[in-house]
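Peer 1: So you can see what is in the structure, the chains are spelled out below.
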Amino acid sequence: MKEVKLFLGPQHPGMHGNYSVHMYVDGDIIKKAYPLPGMLHRGFEKLMERRLWMGNIALIPRICVVEPDINEMVYAMGIEKLGNIEVPERAHWIRMIILELARIAIHLMSFGGIGGPTGLYTASYWSIADRDLILDIFEKITGARVYHMYIVAGGVRKDLPEGIEEEIIGLLDYLEKRLPEYEELILKNPIIHARLKDNILLPEEVVWELGVTGIGMRSAVDKEYDIRKVKPYARYDQVEFDVPFGPYSDAYTRVSYKPIEIRQSIRIIRQSLEKMPKEGPVRVKISTGSALRWTVPAGMVYPVIESARGEYGYLMVSDGSEMPYRIAVRGASYPQGLLGVEKYLPGHRIDDASLWMDTMGVCAPEIDR
Amino acid sequence: MTVDKSVFSPIRAWKYLIEKPVTIPKKLVFDTPREASDNYRGFHINDWTTCVGCGICAEICPTNAINMIEIDSLEQSTGNKPERPAIDYGRCSFCALCVDICTSDSLSMSKEYIHLSKDADTFYFLPESDGIHQIDFDKGYDRDEVSELLDLERYEIDETPIEGRNESFIEIIRGYSKEMAIAEASRCVECGVCTATCPANMNIPEYIRSVWTENLEEGVDYLYKTNPLSNVCGRVCTHTCETACVIGNRGTPVAIRWLKRYIVDNTPKEDFERVVLSNVSEKINGKVGIIGGGPAGLSCAYYLRTMGYEVDIYEERALLGGAVRYGVPEYRLPEESVKEDIEMIRKMCVNFITNTKVGRDISFEEIRNTHDAIFSGSGNWIPKKLKVINVDHKDIRFATKFLEESRDYSRDMGRMPEFEDDIIVIGGGDVSFDVARSLARLQKIKNGKINIKFIARKPIEFLAADQEEVVEGKEEGLELRLNRSPVEILVDENNKVYGVKVAKCTSKLSENGKAKTTCSEETEEIYAKEVFMSVGSDPDFEYFSKEMMENLEMDKNKIIVEENGQVKGYPWLFAGGDIVRGPDIITAVADGHKAAIGIDEYLYNREKI
Numbered sequence: 000m001k002e003v004k005l006f007l008g009p010q011h012p013g014m015h016g017n018y019s020v021h022m023y024v025d026g027d028i029i030k031k032a033y034p035l036p037g038m039l040h041r042g043f044e045k046l047m048e049r050r051l052w053m054g055n056i057a058l059i060p061r062i063c064v065v066e067p068d069i070n071e072m073v074y075a076m077g078i079e080k081l082g083n084i085e086v087p088e089r090a091h092w093i094r095m096i097i098l099e100l101a102r103i104a105i106h107l108m109s110f111g112g113i114g115g116p117t118g119l120y121t122a123s124y125w126s127i128a129d130r131d132l133i134l135d136i137f138e139k140i141t142g143a144r145v146y147h148m149y150i151v152a153g154g155v156r157k158d159l160p161e162g163i164e165e166e167i168i169g170l171l172d173y174l175e176k177r178l179p180e181y182e183e184l185i186l187k188n189p190i191i192h193a194r195l196k197d198n199i200l201l202p203e204e205v206v207w208e209l210g211v212t213g214i215g216m217r218s219a220v221d222k223e224y225d226i227r228k229v230k231p232y233a234r235y236d237q238v239e240f241d242v243p244f245g246p247y248s249d250a251y252t253r254v255s256y257k258p259i260e261i262r263q264s265i266r267i268i269r270q271s272l273e274k275m276p277k278e279g280p281v282r283v284k285i286s287t288g289s290a291l292r293w294t295v296p297a298g299m300v301y302p303v304i305e306s307a308r309g310e311y312g313y314l315m316v317s318d319g320s321e322m323p324y325r326i327a328v329r330g331a332s333y334p335q336g337l338l339g340v341e342k343y344l345p346g347h348r349i350d351d352a353s354l355w356m357d358t359m360g361v362c363a364p365e366i367d368r
Numbered sequence: 000m001t002v003d004k005s006v007f008s009p010i011r012a013w014k015y016l017i018e019k020p021v022t023i024p025k026k027l028v029f030d031t032p033r034e035a036s037d038n039y040r041g042f043h044i045n046d047w048t049t050c051v052g053c054g055i056c057a058e059i060c061p062t063n064a065i066n067m068i069e070i071d072s073l074e075q076s077t078g079n080k081p082e083r084p085a086i087d088y089g090r091c092s093f094c095a096l097c098v099d100i101c102t103s104d105s106l107s108m109s110k111e112y113i114h115l116s117k118d119a120d121t122f123y124f125l126p127e128s129d130g131i132h133q134i135d136f137d138k139g140y141d142r143d144e145v146s147e148l149l150d151l152e153r154y155e156i157d158e159t160p161i162e163g164r165n166e167s168f169i170e171i172i173r174g175y176s177k178e179m180a181i182a183e184a185s186r187c188v189e190c191g192v193c194t195a196t197c198p199a200n201m202n203i204p205e206y207i208r209s210v211w212t213e214n215l216e217e218g219v220d221y222l223y224k225t226n227p228l229s230n231v232c233g234r235v236c237t238h239t240c241e242t243a244c245v246i247g248n249r250g251t252p253v254a255i256r257w258l259k260r261y262i263v264d265n266t267p268k269e270d271f272e273r274v275v276l277s278n279v280s281e282k283i284n285g286k287v288g289i290i291g292g293g294p295a296g297l298s299c300a301y302y303l304r305t306m307g308y309e310v311d312i313y314e315e316r317a318l319l320g321g322a323v324r325y326g327v328p329e330y331r332l333p334e335e336s337v338k339e340d341i342e343m344i345r346k347m348c349v350n351f352i353t354n355t356k357v358g359r360d361i362s363f364e365e366i367r368n369t370h371d372a373i374f375s376g377s378g379n380w381i382p383k384k385l386k387v388i389n390v391d392h393k394d395i396r397f398a399t400k401f402l403e404e405s406r407d408y409s410r411d412m413g414r415m416p417e418f419e420d421d422i423i424v425i426g427g428g429d430v431s432f433d434v435a436r437s438l439a440r441l442q443k444i445k446n447g448k449i450n451i452k453f454i455a456r457k458p459i460e461f462l463a464a465d466q467e468e469v470v471e472g473k474e475e476g477l478e479l480r481l482n483r484s485p486v487e488i489l490v491d492e493n494n495k496v497y498g499v500k501v502a503k504c505t506s507k508l509s510e511n512g513k514a515k516t517t518c519s520e521e522t523e524e525i526y527a528k529e530v531f532m533s534v535g536s537d538p539d540f541e542y543f544s545k546e547m548m549e550n551l552e553m554d555k556n557k558i559i560v561e562e563n564g565q566v567k568g569y570p571w572l573f574a575g576g577d578i579v580r581g582p583d584i585i586t587a588v589a590d591g592h593k594a595a596i597g598i599d600e601y602l603y604n605r606e607k608i
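Residue numbers (numbering that gives the first Met the number 0), protein chains in the order written: chain A, 0 to 368; chain B, 0 to 608.
What the hints contain is simulated information worked out from the structure, not anything from laboratory work. It cannot be assumed that every hint is accurate.
With a straight-line Cα cutoff of 30 Å, these simulated DSS-like cross-link-like pairs (lysine-lysine) come out [as the list claims (entries may be wrong)]:
1) B:Lys557 with A:Lys176
2) B:Lys338 with B:Lys224
3) A:Lys139 with B:Lys26
4) B:Lys25 with A:Lys176
5) B:Lys268 with B:Lys338
6) A:Lys176 with A:Lys274
7) B:Lys443 with B:Lys393
8) B:Lys138 with A:Lys187
9) A:Lys139 with B:Lys4
10) A:Lys176 with A:Lys228
11) B:Lys528 with B:Lys393
12) A:Lys139 with A:Lys176
13) A:Lys187 with B:Lys528
14) B:Lys282 with B:Lys177
15) A:Lys196 with B:Lys4
16) A:Lys1 with A:Lys274
17) B:Lys138 with A:Lys277
18) A:Lys222 with A:Lys274
19) B:Lys19 with A:Lys176
20) B:Lys177 with A:Lys80
21) A:Lys284 with B:Lys567
22) B:Lys557 with B:Lys393
23) A:Lys187 with B:Lys19
24) A:Lys139 with B:Lys138
25) B:Lys513 with B:Lys445
26) B:Lys14 with A:Lys176
27) B:Lys177 with A:Lys284
28) A:Lys139 with B:Lys445
29) B:Lys286 with B:Lys567
Since this is a predicted model, take the numbers as computed values, not measurements.
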């Protein structure tokens, strides 16, 4: 028996972000795994302490590249809570549309994530191309494709452009038509079945041990634990949607929940477009004066929302000045991405390591922040 | 889901063979780039004609991508710095906060998004109105009222109600409350355009910041760095800073003057005194005589004392303050405020020699012999006269004398000046409104009704007076007769003034930006029992010897001095204030400060020889 050391990442198509795992393998079985974060460490939390409350919106979307809007939302919610700011009604609904579009986009992106390790590249091509259509919508609403910097404390940065509602509905119709094809291509595919079924299990004890949330937790513990349901923010309490959950979590279940969640997101967006006030203010100022002198009352809050990977929150401390005193990011992938890799990746095969990363939902910058 | 075991399942994918690809071929990316959305945040566009170079874009930029570059072809002017933003696209995160906060509406973003180069240094651009590559791209992201990051509207200051305002000399402005002052201070963006415009170059952004951070002692310290008459200037300054303020480009400028006033009014007396007097130095061997205790003289005295010189101020009148105490009416500048400022200077051990007119009670030579240097800030006290018929009539009254009497009355130091119940005031500047509004108050107090006709050549928008004065004057009951130029003072057979004959005028904006007034032949007679004239004043140089008067270089009636206030040909003589520049208080304060530095330099170098 001979142990070989293998590096997965930081530059590896199967790796999620610039993240690295050092694996000691025997044959093709991983014996030991050491996660090596830090490749993406830009000191977000520290940088935020040196930026204005408003200036930070250019920085925070970068904490999760593929799903940047959750950062903006959490940050805005924190400031609103600290400053006791009432967000205009229309802004709440616009925020929900943005967040759900982002959720669809990241779920599509993660189909690409399983395309690579399984050799099913068509999945990547299709889903990335369809994700681009969502980015087009984002571009029209916010002015940028990836880092939107759109949800700001007090509301949203600009009102929706004219006629965007029809475009969103058109896109949703298209996606609904596409989803069965995705299911045919991915979920019914023999390769996927062979690789994902009964593989990479996530037992309930591990969920409680690590603190895994999101799809991983819901599929393992048979509980409808979704922040949108248990602690609704924005106007999630006024829309109807279902959350998939179950008692058995293998890689396949977790992937199969994604199209279901996409469908629910589409449902939420449709309801939002219908229920949102057609006009009205979309933003209130968080403080008097120019943005250079916006202050947030002193205090400490922990706003939390449901990201595509689970519970996502910021611990925000303000000392009443024009910059945050401290912000700590609770990345949804921190438990499984850092602790989980070390403890539970061993025992799997080398070729499953990438699948492990994708189906567990790991986003490296969230860990490094 | 179960595995799809159908043999035909692969065939379903074949339909994509005939579908159009969703991707864009590489060669088309550069030839016909995909057009970005209308809202796209691409490279910047900066309209140089509206940009004022305030540098707020660089200030808010979270990535420090913007540098302000000095442009040689541009000139410094009021509210305009000769700088333009240059953007490092290696750092820029395209957040467009710079666009949202742009004070002059010049920055926006375009739909342009391609710049290719192997050389990293080429990613540094100075955007102009046609973008960074000088290719006309459509405008992309632009600010709207929702994304606005400035606070454009001024927080209203508390004023005495219009009703009953003209019945007394109580100060009109009551001042900001703490909350309002902090809110108003938070509107400032610290660009420093105001500092460049202020004659005294006051540290405006710094003291506004100290209001915002509630550290008023620091604010006092900043005020006294350049202006020892902060109490006065917080009330009656000409506030060119506010004209320059970049917030004024799209909204109302920050109330700089009222914030200055807030600092002096709200700092506890002991703290105020401690901060100011901490600047006094030990006396050194050097004595300076100052002629005239007005703003220029007081300012010069203050700064000379901070350097250690002994200072004597010779003042003709009973009280120090000059135009501040004998010109500006009480409702704009209460006696208390002037007193506080002057008291502070007295506490610095400056000798005040009052009731002593140089040239009458003491000779200029005597001062020259007992002092190492002399600063003259004697001011303008001889009224100017319009070139109209009968202007030398004995009953015509002038601003300086009347305001002196009126001020003495309002501070309980004299009797009520005499006046008729039907008056014409000829003028157009701030002082003429002081006269008219003081008269209005006196009439109201004495007769219970106001009858004052205010005659000026220009229409409201071109008047030299502050617009505030015009509005408030109107509110208080002045009858404005504008666009009329006096041609004759009407005198009846008993040699009594009974009115003014005026010609009708029209004013237009000429090419140089100033108003050009032309008067027609058509005349009109306006009747009144008394005529007041307030059309400026001239200096009185009686105290200079004949020989000096011949040698002094003069421009009209103003002495020409060096940059530091030194009079040409007389190295020991310095001058400032109205006799050199002006007339306004802040310029006089600045002159006094410059002269103090000049005197110090002169005496220091003389010692060395």
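Peer 1: Holds or violated: B:Lys443 and B:Lys393, Cα atoms, limit 30 Å.
Peer 2: With Cα atoms ~26 Å apart, B:Lys443 and B:Lys393 stay inside 30 Å; holds.
Peer 1: Given the proposed pairing of B:Lys14 with A:Lys176, does the C-alpha separation stay at or below 30 Å?
Peer 2: holds (15 Å)
Peer 1: Would you check the hint for A:Lys139 and B:Lys445, treating anything up to 30 Å between C-alpha atoms as holding?
Peer 2: violated (70 Å)
Peer 1: Going straight from one Cα to the other, do B:Lys138 and A:Lys277 come out at no more than 30 Å?
Peer 2: holds (27 Å)
Peer 1: Between A:Lys187 and B:Lys19, does the CA-CA distance stay at or below 30 Å?
Peer 2: Status holds; Cα separation ~26 Å.
Peer 1: Holds or violated: B:Lys528 and B:Lys393, Cα atoms, limit 30 Å.
Peer 2: Roughly 14 Å between the alpha carbons, so the hint for B:Lys528 and B:Lys393 holds.
Peer 1: Quickly compare the C-alpha distance for B:Lys513 and B:Lys445 to 30 Å and report which way the hint goes.
Peer 2: It is violated: about 40 Å lies between the C-alpha atoms, which goes past 30 Å.
Peer 1: Is the Cα-Cα distance between B:Lys177 and A:Lys284 30 Å or less?
Peer 2: Satisfied, since the Cα-Cα distance of roughly 20 Å is no more than 30 Å.
Peer 1: If you draw a straight line from the CA of B:Lys557 to the CA of B:Lys393, is it 30 Å or shorter?
Peer 2: Holds, because 27 Å separates the two Cα atoms, which is no more than 30 Å.
Peer 1: Given the proposed pairing of A:Lys139 with B:Lys138, does the C-alpha separation stay at or below 30 Å?
Peer 2: Measuring from Cα to Cα gives roughly 14 Å; hence the hint holds.
Peer 1: So if I understand the rule, the pair passes when the alpha-carbon distance is 30 Å or less; does A:Lys139 with A:Lys176 pass?
Peer 2: holds (23 Å)
Peer 1: Would you check the hint for A:Lys284 and B:Lys567, treating anything up to 30 Å between C-alpha atoms as holding?
Peer 2: Violated, at roughly 57 Å.
Checked against the numbered hints above, the structure violates hints 1, 8, 9, 13, 14, 16, 21, 25 and 28; every other hint is satisfied.
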